[in-house]
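Novice: Sequence:
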Amino acid sequence: MAQDFNRSALTVSHNRACYTGQRSTRIPRGLIKIVGVNCVSLDLSYNELTSISALKECLCLEELILDNNKLYDLITLPVMEALTTISLNNNKLIDIDLALERISSCCPKVKHVSLLGNPGYPDQLTDPVNNDDADYDRYRLYAIHILPESLRFLDFRPVTPLERKDASNRGRFMRTIKLSITPSPSAPALHSKFHRGSSNSCGFFKENFDGDFGGAFQERKDNYSPLPSTTRGPDDHKGAYGKCRYRYSGKNSEGNRFIINSDL
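Under this note's numbering, think of the first position of the sequence shown as 19, with each following residue one higher.
Straight line, CA to CA, 27 Å or less: simulated DSS-like cross-link-like pairs of lysine-lysine:
no. : residue 1 : residue 2
1   : Lys51     : Lys74
2   : Lys110    : Lys88
3   : Lys110    : Lys127
4   : Lys51     : Lys127
5   : Lys129    : Lys74
6   : Lys74     : Lys127
7   : Lys88     : Lys127
8   : Lys110    : Lys129
9   : Lys74     : Lys110
10  : Lys183    : Lys127
11  : Lys88     : Lys51
Hints were generated in silico from the structure; no laboratory data involved.
Make the full structure from the sequences, and use the hints.
Specialist: Written out as structure tokens, the structure is:
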């Protein structure tokens, strides 16, 4: 049977496999058959993976490296009971909260999670303009709250006892919600409701929020201008005239108090 991948790029040693830099969009079936169910470490970095459903056959996998791929979500992540390390740096993940929930449900024994470099990641390295250290610290508390208690490392830092205590007390309140201008391919409908200029945005709020907003949701023109809607030509002028009811007598001017005859 013909190979469906570059066999020379695959290295296997002591149940540890590496297949990087091959621009694969999916995990080859032939690769899974070669590494076998006894594989404990698999490095698939620097490919173009959009799905990882084939990993369901790697029952003993403990370490999974998926850096620098094109994963927009983790819907295809299978249940991996033995996995302790998962690295997803520099992918295309926008909904980080959904990714955390997926990891938590599929990897109950995970100890090390890294998601740096994804578009939705709230750290200064990914987005130095909109994020700061406070955003990242808040995210860590939320992530520690969501992920299993087995978590020991998050990104490049160990989880401290103080962080775990704070996450237990207030981690569920640390979720950061941001309006995404660039939608995920899996969520175009929701984006159309909030996109600026969308005719659906007004109706969406009317349907989902109660109360009288005093006409705040009336449709408005996209390009509003305070100037008149029409212009007049040079011959189409308008003016007004009236009678002046004030007569100047000079007594209101105090300048004559400082003028002497020699100045005249």
